[in-house]
Structure formats: structure tokens, C-alpha cells
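**Student:** So that you can map any letter, position 185 of the sequence shown is 262 in our numbering, and since no number is skipped, the others follow by simple counting.
Worth flagging that the hints you see were computed from the coordinates, not collected in a lab.
These figures come from a predicted structure and were not determined experimentally.
Be aware that one or more of the hints could be misleading.
To be verified - So the derived label-pair ranges between C-beta atoms look like this:
1. Asp-134 to Gly-181: 24 to 34 angstroms
2. Gly-269 to Leu-123: 19 to 29 angstroms
3. Leu-195 to Arg-274: 25 to 35 angstroms
4. Ala-192 to Arg-274: 34 to 44 angstroms
5. Gly-130 to Val-340: 36 to 46 angstroms
6. Leu-185 to Ala-266: 31 to 41 angstroms
7. Gly-187 to Trp-126: 30 to 40 angstroms
Quick reminder that beta carbons are idealized off the backbone N, C-alpha and C, glycines included.
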Amino acid sequence: MIALLLALGSSLAYGCADFLGGLGARKAHVLRTVMIAAPASLAVELLLWPVLGASFDPATLGWGAASGVASAAAFALLYRTLAIGPMNVLSPVTALVSAALPVGVGLLQGEHLTAAGLVGLPLALVAVVLVSAGHGAGSARPSRTALLLAFGAGAAIALQLVFLHQAPSGSGVGPLITGRAVSSAVTLAAAGLLRRRLGSERPAYGMSAAAGILDSVANLLFLLAARSGDLTVVAVVTALYPAGTVLLARGVLAERIHRGQLVGLGTAAVAVGLLALT
78 MIALLLALGS SLAYGCADFL GGLGARKAHV LRTVMIAAPA SLAVELLLWP VLGASFDPAT
138 LGWGAASGVA SAAAFALLYR TLAIGPMNVL SPVTALVSAA LPVGVGLLQG EHLTAAGLVG
198 LPLALVAVVL VSAGHGAGSA RPSRTALLLA FGAGAAIALQ LVFLHQAPSG SGVGPLITGR
258 AVSSAVTLAA AGLLRRRLGS ERPAYGMSAA AGILDSVANL LFLLAARSGD LTVVAVVTAL
318 YPAGTVLLAR GVLAERIHRG QLVGLGTAAV AVGLLALT
């Protein structure tokens, strides 16, 4: 139950971070937004170091660095995917892959589900797709390139979560600090190489920093959840993060929640209840 609550918190924080990051990216080039969010995120993790502790043995550094590279790849592939579109088709594909791959890894590592879990897990995967899908998801067909990029983005997100899960359980926030430092370095290097394409718009500093802080909170909650529960359950519940984005868009931007998304939110509630019984 603790792992489930932590995973729900991680999902909510990821959804809020995506919402704020998306708003920030409307005001300036997305790399300008990330250049603010990444240091803010790293600062939070450094502040958590004295509280939660951190070790940097070779295994922690290795898995943390791997998660950082995967995070940077996920960022590049995801935004390239959404730029090609259609978003309402590709976003569910990415979310589903990011949930399904950790489930496979968890099962291969010997994790088992109860009867309730065997029902709740597929329901949660269905909820991920329904919540992510916007209006008219069947109205446009993505190109083969777009689908490959969507699968790649989902796989990169999944690998980031799996690598964090593989880090030693006694390493505290060491994997998060290492991963964030690596992903920040990769992002800043990319921004430096593409500086002529970034435009002159000033980023939304407060919004971008808040997105980075929430992303750190989400990563921390996922790490704690994965250490206290099964990866198969934690990864799927975390992948429900589009629900938070959808609800914020409804409350702040007055965007309409479509019937399929409402069904997805209800399905997610049922699935989480079943997973709690595991």
C-alpha cells in the first residue's frame, strides 16, 4: 500500500511537471525551458542529500548515469515525436510502452501478482491509453517514422525507470543526483550546439523552475516506491501521469475532458483499487 501511494504521488507530480513544462515551452524554445528546469531539479536533489543520504559507489554511479542518459534520450525522442504528430495517437503509444516494458522486466526478475493484480494491471494499461488519448484519436494515421519515434520515447522513459530501480537500495538519492547531473550536462550541451535555433524569447523562469522541482519530486517518489514495492505495479501506476496533466488542463486552461478520458480516469481508479489488494 505504501508503494502504491508513493507511485500515485509520483504520477501526480509527473503530470503537474509536464503541464507546467508544456506551458513554459509555449513561451520559449523547449530547450530554454529545460535549461531552467534542469538546474532547479538538481538543486532539489542536492538539498535532499543531507536528509535522505546518498552513496556513490560504482553501481550507483553506473545505474544513475545510465538513467540520466535514458532521460536525455527520452526528452529528445518525446518532443520530436510530438512535433511530428498526431499527438493524440502518439502520446498513448509512448505512455503504454513506458508502462509495459518495466512490467516485463519485473516479471522476468521473478515478481508475481495476485488474482486482483492480474486483473488490475491490464486495466491500468488500458487506463494509460484512454487518459492519454485526446479527441479524435482515430482520425489520423501516424507515419512509420513517428510510430518508431514514439516507441523509442516510451522505451527510453521505461529504461530510465528500470535503471533507477536497479540502483542499490541503500544508495539514498545518489542515483537521482548522478542521473540528473548527466541528463543536465547532455541537455546543456545540446542547447549549446543548437543555440542559433533557440530564438530570442525569454523563458518563463518561475514556471520552468517549478516544473523541474516537481520532476525531482516525482523521481524521488518513484525511487522510494520501487524500493518498497514491485516494479510491475509501481511502473504502471506511475505511467498514469497524463491524468494529472488532463485534470490541470481542465481546471486551469478550461480544456475539455473528452468521454474517453473520463472513462480512462474511472478505469484508473478501479485499477488502482485492485492493485492495492495485491
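**Student:** Of the hints stated earlier, which fail here?
**Tutor:** 3, 4
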